[in-house]
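Number of protein chains: 2
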Amino acid sequence: MKLYNYFRSSASFRVRIALALKGLEYEYLPVHLVKGEHKADAFARVSPSKLVPVLETDGGELLGQSMAIIEYIDETHPQPPLLPGEAVERAHVRALAQLIACEIHPLNNLRVLKYLVRDLKVDEEAKNTWYRHWVREGLEAFERELARLPASKFSFGDAPTLADCCLVPQIFNGQRFDVNFDGLPRTMAAFDACMALPAFQKAQPSSCPDFEA
Amino acid sequence: MKLYNYFRSSASFRVRIALALKGLEYEYLPVHLVKGEHKADAFARVSPSKLVPVLETDGGELLGQSMAIIEYIDETHPQPPLLPGEAVERAHVRALAQLIACEIHPLNNLRVLKYLVRDLKVDEEAKNTWYRHWVREGLEAFERELARLPASKFSFGDAPTLADCCLVPQIFNGQRFDVNFDGLPRTMAAFDACMALPAFQKAQPSSCPDFEA
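Quick note, the sequences are listed as chains X and W, same order.
Take the first sequence: its letter number 121 is residue 121 in the working numbering, and every next letter is one higher.
Take the second sequence: its letter number 48 is residue 48 in the working numbering, and every next letter is one higher.
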């Protein structure tokens with residue numbers, strides 16, 4: 001397998017975690033988002049929507065969208081599972097993942113921040129306030145959702161799931177923008193439990209071949 | 001089953017489509033987003049993250065996030081399937097759905113538009129330009145993704161899938177803001193194929209008990 005990705009992309013990071021949790025090897029193909037390599041003509045063959053990550057299967061299929069890729073990895077390499085066995089539990093895990101992937105992260109994408117600055121003439125401080133607002137508001141919602149679920153070591157249950165694949169990159173992302181993580185005990189305990197595992201260490205941005213400090 | 005939802009909410013509309021395609025009956029519980037009913041204390045029990053839709057199962061489980069709910073419905077009521085049988089095909093359908101649910105719709109949520117106006121002091125015209133920008137850009141990406149897939153009546157294949165559950169509400173949403181849909185032949189053909197089906201007609205905003213013109 002090949003993974004087109006960028007060390008700092010949260011969505012790429014999600015897939016790297018899933019691959020590491022499954023113990024799968026892959027070829028790392030960097031796409032430099034800040035340099036705009038995802039918009040180059042050469043990349044349109046890989047991703048018509050000009051996004052990373054893209055997983056290229058051994059059969060040559062090109063699969064986009066991080067959560068779709070992770071579900072594919074989980075279906076084709078079931079052990080260890082990234083979703084629980086019961087339909088209701090699976091729904092809870094997917095909802096936690098989507099709370100991050102659909103409610104927080106899309107607002108803080110590079111292209112959105114660029115639009116704020118370039119088109120709406122938002123200054124640096126207001127841009128950072130926007131960023132922190134959506135991360136903080138979203139993580140507070142995540143914490144409240146966790147509080148309703150049974151006590152657990154990770155976001156859901158005692159092993160990492162799709163929800164943790166989304167949570168950890170979001171926390172890394174928030175750390176870069178000095179988001180306040182106070183008052184999020186279950187969320188941050190799940191993050192810490194993840195980061196104690198070699199798979200999450202191996203997948204983190206600073207472990208990537210294209211990492212830049 | 002009970003569905004907490006709002007006639008104009010795109011995410012609610014996605015779930016209504018899935019329920020209608022499965023032929024499932026449910027109790028419709030309106031939550032008026034514009035009046036802020038989702039933020040009321042009484043609703044916190046239903047949705048700690050203060051979002052619609054929420055599906056309450058017959059067992060009393062409260063499930064949030066539209067795509068997680070649809071996967072739950074598909075797992076517990078498999079016919080007709082909303083995802084294809086092969087893992088690669090499932091990945092394509094989920095990616096199309098997520099291209100809308102993670103790349104387009106989050107930027108045009110009510111709370112985001114409110115932030116633009118209230119906090120960033122964006123005027124009406126710039127707000128509408130923002131809205132149309134993300135819908136148009138996202139649907140162009142959707143069209144390019146479709147162009148790479150085999151010819152099909154719906155977004156993927158010859159029956160509606162999770163991708164169509166996301167596409168149709170996004171088009172309705174864009175119509176309200178006068179988005180230009182020119183040059184999106186496969187996308188709009190899939191939309192038209194969906195709207196020719198009774199399930200999509202039944203699920204649309206104007207068919208909802210809480211509809212307001």
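Since the hints were derived computationally from the structure, they do not count as laboratory data.
Be aware that a few hints might be false.
Note: identical chains are not told apart, hence a pair may lie in one copy or across any two.
[Claimed, not checked] The calculated lysine to aspartate or glutamate pairs, modelled on EDC-like cross-linking and capped at a C-alpha distance of 16 Å, are:
#	residue 1	residue 2
1	Lys39	Glu137
2	Lys114	Glu125
3	Lys114	Glu124
4	Lys114	Glu137
Just so you know, these numbers come straight off a predicted model, no measurement behind them.
We went through each hint and held it up to the structure:
In this assembly of identical chains, Lys39 and Glu137 lie within 16 Å of each other by CA distance solely across copies; the values are 13 Å between and 31 Å within a copy. In the homo-oligomer, the alpha carbons of Lys114 and Glu125 lie at most 16 Å apart inside one protomer (14 Å), although the nearest pairing across protomers, at 19 Å, exceeds that limit. In this assembly of identical chains, Lys114 and Glu124 lie within 16 Å of each other by CA distance solely inside one copy; the values are 11 Å within and 20 Å between copies. When the C-alpha separation of Lys114 and Glu137 is checked against a cutoff of 16 Å, the pair qualifies only between copies, where the shortest distance is 15 Å, while the shortest distance within a copy is 21 Å.
Of the numbered hints stated above, none is contradicted by the structure.
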